[in-house]
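S.K.: All chains, full assembly: derive it from the sequences and hints.
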Amino acid sequence: MKNKHVNAVIVGAGAGGGVVAKELSVAGLSVVLFERGGWATYDDHDHDEIFSQRTTLLGNAYGPDNERHRRVRVLPNGEEVVLLPSEGGYANNAACVGSGTVSYGAMGWRFMPEDFKMKSVYGTVEGSTLDDWPITYEDLEPYYEKAEWEIGVAGDDSQNPFSPPRKKPQPMPPFEHNKEAQILESAARRLGYHPFPIPMLRNSIPYGGRPQCYRIRTCVGFACPVNAKCGTHNTVIPVALNTKNCELRTHSVVNEILVDDSGNITGVSYFDDRKKRQIQTADIVIVSASATETARLLLNSKSTFFPNGIGNENDWVGRNLQGHAYCGAYGIFDEDIYDDRGPGASVAVCDFNHHNPGIIGGGVLCNEFLRLPYLFTGIRPPNSPSWGAEHKKFQRTNFKRVGQVIGPYQEIPMFEARIDVDPRIKDYWGIPVGRLSGNLSMKDAEGTEFMAGMAERWLIEAGASSVWKTGIVRGPRPVSGGQHQAGTCRMGNDPKTSVCDRYGRVHGTPNLFVADGSLHVTNGGFNPVLTIMALGFWIGEYITSEWRKGNRFK
Amino acid sequence: MNSTFISRRKFIKLVALSSGSLLLLPRCSNSFNPAWRFFTAEEASLVDAIVEQIIPTDEWMGAKDAGVTNFIDKQLVTHLSRFQNKYREGLYSLAITCQELYHKKFHELPWDDQTEFLKKIENGSHNELTSIHGRYEGGRIWNGGDDRSFFRLIRDHTMAGFYGSPRHGGNRKYVSYRMIGLNYPVIQGRNKHV
Numbered sequence: 000m001k002n003k004h005v006n007a008v009i010v011g012a013g014a015g016g017g018v019v020a021k022e023l024s025v026a027g028l029s030v031v032l033f034e035r036g037g038w039a040t041y042d043d044h045d046h047d048e049i050f051s052q053r054t055t056l057l058g059n060a061y062g063p064d065n066e067r068h069r070r071v072r073v074l075p076n077g078e079e080v081v082l083l084p085s086e087g088g089y090a091n092n093a094a095c096v097g098s099g100t101v102s103y104g105a106m107g108w109r110f111m112p113e114d115f116k117m118k119s120v121y122g123t124v125e126g127s128t129l130d131d132w133p134i135t136y137e138d139l140e141p142y143y144e145k146a147e148w149e150i151g152v153a154g155d156d157s158q159n160p161f162s163p164p165r166k167k168p169q170p171m172p173p174f175e176h177n178k179e180a181q182i183l184e185s186a187a188r189r190l191g192y193h194p195f196p197i198p199m200l201r202n203s204i205p206y207g208g209r210p211q212c213y214r215i216r217t218c219v220g221f222a223c224p225v226n227a228k229c230g231t232h233n234t235v236i237p238v239a240l241n242t243k244n245c246e247l248r249t250h251s252v253v254n255e256i257l258v259d260d261s262g263n264i265t266g267v268s269y270f271d272d273r274k275k276r277q278i279q280t281a282d283i284v285i286v287s288a289s290a291t292e293t294a295r296l297l298l299n300s301k302s303t304f305f306p307n308g309i310g311n312e313n314d315w316v317g318r319n320l321q322g323h324a325y326c327g328a329y330g331i332f333d334e335d336i337y338d339d340r341g342p343g344a345s346v347a348v349c350d351f352n353h354h355n356p357g358i359i360g361g362g363v364l365c366n367e368f369l370r371l372p373y374l375f376t377g378i379r380p381p382n383s384p385s386w387g388a389e390h391k392k393f394q395r396t397n398f399k400r401v402g403q404v405i406g407p408y409q410e411i412p413m414f415e416a417r418i419d420v421d422p423r424i425k426d427y428w429g430i431p432v433g434r435l436s437g438n439l440s441m442k443d444a445e446g447t448e449f450m451a452g453m454a455e456r457w458l459i460e461a462g463a464s465s466v467w468k469t470g471i472v473r474g475p476r477p478v479s480g481g482q483h484q485a486g487t488c489r490m491g492n493d494p495k496t497s498v499c500d501r502y503g504r505v506h507g508t509p510n511l512f513v514a515d516g517s518l519h520v521t522n523g524g525f526n527p528v529l530t531i532m533a534l535g536f537w538i539g540e541y542i543t544s545e546w547r548k549g550n551r552f553k
Numbered sequence: 000m001n002s003t004f005i006s007r008r009k010f011i012k013l014v015a016l017s018s019g020s021l022l023l024l025p026r027c028s029n030s031f032n033p034a035w036r037f038f039t040a041e042e043a044s045l046v047d048a049i050v051e052q053i054i055p056t057d058e059w060m061g062a063k064d065a066g067v068t069n070f071i072d073k074q075l076v077t078h079l080s081r082f083q084n085k086y087r088e089g090l091y092s093l094a095i096t097c098q099e100l101y102h103k104k105f106h107e108l109p110w111d112d113q114t115e116f117l118k119k120i121e122n123g124s125h126n127e128l129t130s131i132h133g134r135y136e137g138g139r140i141w142n143g144g145d146d147r148s149f150f151r152l153i154r155d156h157t158m159a160g161f162y163g164s165p166r167h168g169g170n171r172k173y174v175s176y177r178m179i180g181l182n183y184p185v186i187q188g189r190n191k192h193v
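Quick note, the sequences are listed as chains H and F, same order. Sequential numbering from 0 applies to the first sequence in numbering that gives the first Met the number 0. Sequential numbering from 0 applies to the second sequence in numbering that gives the first Met the number 0.
27 Å max Cα-Cα, derived DSS-like pairs, lysine-lysine:
1. F:LYS104 - F:LYS85
2. H:LYS553 - H:LYS495
3. F:LYS118 - H:LYS392
4. F:LYS118 - H:LYS468
5. F:LYS85 - F:LYS118
6. H:LYS275 - H:LYS301
7. H:LYS116 - H:LYS442
8. H:LYS392 - F:LYS172
9. H:LYS425 - F:LYS85
10. H:LYS392 - F:LYS119
11. H:LYS392 - H:LYS468
12. H:LYS243 - H:LYS553
13. H:LYS3 - H:LYS548
14. F:LYS118 - F:LYS103
15. F:LYS85 - F:LYS73
16. H:LYS275 - H:LYS3
17. H:LYS399 - F:LYS172
18. H:LYS1 - H:LYS274
Bear in mind the hints are in silico, worked out from the structure with no lab data behind them.
M.R.: Right under this line is the structure:
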């Protein structure tokens, strides 16, 4: 049976797509929202560290599954390996309704004004495609506010002297620090840092009809058992579905954006939950499948009008793939600092985000999410035994005594760091898989060394007797990605050096939009989800306001 | 990796020549134990001994008693079935290397010899080791691929079995959670939807 034509199809029900679905369906547009996974349930994975989204030893608890998905990675020596989604190099993002927002750690950061104009602030960086965004912080500020209030953020930016200007406070008060964060907070003040509570997409008080967080240790990597974590799956997507204008099609895998004989984009082709190929036509197509999968879909949509894939005339789709270079330090304290109050990450400083001499960008430093027992087996000072009696003893002696400070260092975008489509390997549906290749910049070495040094200093001041640094870039490293993946369809004013315009529309097409981290020109020194949500509101509002004016994006 | 893997027949000949004893071969032994899903009884004894070295018994239960072999065995027919060959070849190589060096099965060695032996495997030194008797092609004893990678694998799975959730067949009686001092369930009566 033929699917009924709709106003818009949205590919991917994550942070970006969920928001756009809500904006469009509330405005009266008919919407089909595609999601390759299904609804995630907490009960299937409760407290199970080794089958979570954080530690994927037995698979990705919230998708994608190892059976049907593959990806290729080209190693620095040129060798190609085929990877499963639960394996390290895959650069995975969750596949379920809400995507990463179901199981994330839920930090709700705004980028800083400098993060939108990195080239203006730091100049041209040789070998890098570092550039300004075509929009500013001021453009996005009202949409950050929408994201904070409609999805829900607990925080108090007034305690952070480096916080960007805002019109309205965050809707919920910040969380109380756990013990580790209390110790680190006073140490930070002694050092002249400016500590403040991390903004969290998590209910510090009942909000949005959902209860308050009860602070379990199994938070990051897990769905919330009491629904206190705020994602698109329990906020904007239900709102969209309640309008009756939005249909959510789960377990449906979009394989191609369709183009008619005149070069117009007419909808998408997809495999339904029974692997049957179907067509869904629409006036507008919005792709929000994550930086890796959005690029893959555009590149897999080849036609006489788009022989190299849609939006790819200048070979920019899939380029500049960025994640974050996580760096920081561990310290062993003489007393227990672990008080079992989850999720752990609680105190932050933005002293190292910008304007540190010689450092491009930088990043926020935070105390880390609670380390769970299996993860902790890999946390040892350098040159410690990794097994045997001593390893076991360290585990029980120091599990509650090791503190960690870490932060997402802003990577410098590289044209060669990319995802394209593998010519040979196909997934379960016969769709060519993504192929990751290219190295990241060695310029990140100085910045990560600097941040790790500041983290180490912080831990020492807090009383740690033995400290060691982690995550310093010391040699060529392959492209990252993972949950913070971004940059592959960057927005820009010049179609020759970008894929989308300032509203996320693919250059040269009237009705094809991108709404996810792919748009990020640079990825900030922060967890990027609130920015992806804000872009969803920004793009959603552009489409609906044009629609009301009679623009049908022909 | 199969190209460097000596044939079963050659192996029998070599063992017979070098030590005069016949090691029971995994797949042609009649010691099939229905308690295991993937491992043979012989392999399971070997795994018991290896995981006990990785997490030994002290005032708390060790990996063997905590059911880590059961955990690995269970995962090898479910989530981690892609590692079946690695285990079969790795254990086989470890067994013949041990036989060659010590003329004993691994689990029959004294504790400290076991530790020394595993340290060599962890450091990959068996890849470099020349046969004592010099009878092997290429002069190598370890023929199961990269010995370091096999050790890393079994070490990682041992940690997961001991420190991960008991629902997967290890961490018997929540031993690692009790040892560390973590409550489980996380909060009484609150580990389901409220």
